[in-house]
Amino acid sequence: MKFRVPRIAPSEITPPEAYFSRRALLAGALASGASALLPAAETPQPQGATLSYTANPQYSVKETPNKYQEIAGYNNFYEFGTDKESPSEYAHTLKTRPWSVTVSGEAEVRGTFDIEDLLKGQALEERIYRFRCVEAWSLVVPWVGFPLSSLLARFKPTSRAKYVEFTTLYDPRQMPGQRVPVLNWPYVEGLRIDEAMHPLTLMVVGLYGRVLPNQDGAPLRLIVPWKYGFKSIKSIVKIGFTTVQPRTAWNVAASDEYGFYANVNPQVDHPRWSQASERRIGAPFLAARRPTLPFNGYADQVASLYQGMDLRHYF
Amino acid sequence: MTLTQRYRFIYKPLVFVACLLPLAWLTSGAFGWFGASLGVDPVKELEHECGKTALNLLLLTLAVTPVRELTGQPQLLRLRRMLGLFAFFYVLLHFTIYLVLDLELNFATLGADIAKRPYITIGFTALLLLIPLAVTSTNGMMRRLGRRWQSLHRLVYVIALLGVWHFYWQVKRDVREPLIYIGILAVLLGYRVIRARSRRRNAIPGRMPATSGQITATPPPTAAPQVTSTSCVGPTLRPSATD
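These protein sequence lines are chains F and P, in that order.
Residue numbering for the first sequence follows our numbering, beginning at 1 and increasing consecutively.
Residue numbering for the second sequence follows our numbering, beginning at 1001 and increasing consecutively.
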């Protein structure tokens, strides 16, 4: 498959260190009272171990990535509370090692695997993807991970495997937000097998070259860049190959508002708000709103997956 | 110091300053003063906080009547206009932030939102309904409109319902906070319904025997002090020009 995403040189990506010096400059501007509408003063700092990876410009967009603090300080991760700030505040209670993933269903290789075994032999790469939340805000994120297909292939799914179902950890002691029945815990998401095997679909373990912060879904999360953010399930403990479409968390919660496919589509509004445009987090004052692109800008690569489907019906 | 002087020089200035505190907090967050911050998405924060402050003030406005009746402090009425006008102020701020900072002055989107998004439609309706109330909040207007002033200002019940509904409807999933607002509003409006019913019952002498004991125990309507004091444009409490 050919990818026409514009190339971006690794040298063009601003390293976190540079952002900090920029922050220091901003702090100076703050002190002089010269600047307006600045991001939070108490924001998470990158602290995870550095990963070894190679940049994959072929799969990266040529937009400026958001700051680490924006990606790690503004999260929807209801397992740690429904405010955007709650996950960065409370997710430190999550223990990401030891961690295991149970594989079940229509596959030859099933069982419970330690995360280290799953990661063994997976070459990590960095991909800069757009991230579009169903709430009409967006980010550009330098993820570190590996194609989901190279993980799933190891389990040798059978021809009966039509869907892949993912499940987040359920442990209210570590995830206090699960004490509140906002969603039907544990969080479940799913993809059609061809979506799961698509080369854009990423298993993510890192951000900005470091181990993924807990609030962003450590130790193992999915990223499906052409779908609304809620499809990209975090802190995965189960992978199941199924014959029937998985009952996904948001779809179960409100099926008229959140479909199984959840492809980014400016033509199909959420029943309560427009999806035609989005606000880019961290963008300059009065220049943050931009039109939303079909399939979040990945139409060339993924539109063929949905040929002949009425995307208004399968939203 | 007389009561009037105390309201004029102490209580009202205090309430005025208190009503400006949310604005001061949001302004210092926007400009980063005193280490304050609006977080990663300052636009949403400003928008939501102004909306919530408006709702808070609207509920406080509606709480004045029950509180003054239950505590026997009819003078509290003197603070109500200021609370109501500040609620209007924060609603206007909320709308301006939505239009300028969120939609970035895209009037086509604004029109589409108002027409197609029910939660925005009802929010905008509430804003429009508040305008006549703000305009007729002066002493001159109260005098000119007489009894009709009270009828007009009963619109605030509708506005408050639209306001909390607007909040409830835009929340994605976690409706606990809007439900608290709905609960408080239900108490404030429920109080009025019960009070109006009992007063109507008291006003019809023919019904008194049928409703037995507890009603006959209450004083006759003309003698009940709370009846005269609840009329906000009644002669005993008509605000003076300096109020």
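Hints listed in this document are in silico derivations from the structure and should not be mistaken for laboratory results.
Note that the structure is predicted; figures quoted are calculated from it, not measured.
Be aware that a few hints might be false.
[Unchecked claim] List time: in silico EDC-like cross-link candidates among lysine to aspartate or glutamate, alpha-carbon distance up to 16 angstroms:
| hint | chain 1 | residue 1 | chain 2 | residue 2 |
| --- | --- | --- | --- | --- |
| 1 | P | K1044 | P | D1102 |
| 2 | P | K1116 | F | E89 |
| 3 | F | K156 | F | E108 |
| 4 | P | K1044 | F | E108 |
| 5 | P | K1044 | F | E257 |
| 6 | F | K162 | F | E116 |
| 7 | F | K95 | F | E116 |
| 8 | F | K238 | F | E135 |
| 9 | F | K95 | F | D171 |
| 10 | P | K1172 | F | E257 |
| 11 | P | K1172 | F | D83 |
| 12 | F | K162 | F | E106 |
| 13 | P | K1172 | F | D194 |
| 14 | P | K1172 | F | E108 |
| 15 | P | K1172 | F | D256 |
| 16 | F | K162 | F | E108 |
| 17 | P | K1044 | F | D83 |
Against the structure, the hints:
1. A threshold of 16 angstroms between alpha carbons decides the hint, and for P/K1044 with P/D1102 the separation of about 8 angstroms falls inside it, so the pair holds.
2. Restraint check for P/K1116 and F/E89: not satisfied, since their Cα atoms lie roughly 36 angstroms apart, outside the 16 angstroms limit.
3. Between F/K156 and F/E108, the direct Cα distance comes to roughly 5 angstroms. Compliance with the 16 angstroms bound is thereby established for this hinted pair.
4. As the CA atoms of P/K1044 and F/E108 are separated by approximately 48 angstroms, the hinted pair breaks the 16 angstroms bound.
5. Taking the CA atoms of P/K1044 and F/E257, the gap is about 21 angstroms. The hint is violated against a cut of 16 angstroms.
6. Straight-line distance between C-alpha atoms of F/K162 and F/E116 comes to about 27 angstroms, which puts the hinted pair past the 16 angstroms bound.
7. Taking the CA atoms of F/K95 and F/E116, the gap is near 15 angstroms; set against the 16 angstroms cutoff, the hint holds.
8. For the given pair, F/K238 sits about 27 angstroms from F/E135 by alpha-carbon distance, which is inconsistent with the 16 angstroms threshold.
9. Only pairs whose Cα atoms come within 16 angstroms are accepted, and F/K95 paired with F/D171 is accepted, the gap being roughly 11 angstroms.
10. A threshold of 16 angstroms between alpha carbons decides the hint, and for P/K1172 with F/E257 the separation of about 10 angstroms falls inside it, so the pair holds.
11. For the suggested pair P/K1172 and F/D83, the alpha carbons sit about 11 angstroms apart, so the restraint of at most 16 angstroms is met.
12. The suggested pairing of F/K162 with F/E106 holds, with an alpha-carbon distance near 9 angstroms, which does not exceed 16 angstroms.
13. Among the hinted pairs, P/K1172 with F/D194 is inconsistent with the structure: their alpha-carbon atoms are about 30 angstroms apart, more than 16 angstroms.
14. Proximity of P/K1172 to F/E108 is assessed by CA-CA distance (about 40 angstroms); at most 16 angstroms being required, the pair is judged violated.
15. Under the criterion of a C-alpha separation no larger than 16 angstroms, the hint pairing P/K1172 with F/D256 is consistent with the structure, at around 13 angstroms.
16. Of the pairs offered as hints, the one joining F/K162 and F/E108 holds, with about 14 angstroms between alpha carbons and a cut-off of 16 angstroms not exceeded.
17. The suggested pairing of P/K1044 with F/D83 holds, with an alpha-carbon distance near 12 angstroms, which does not exceed 16 angstroms.
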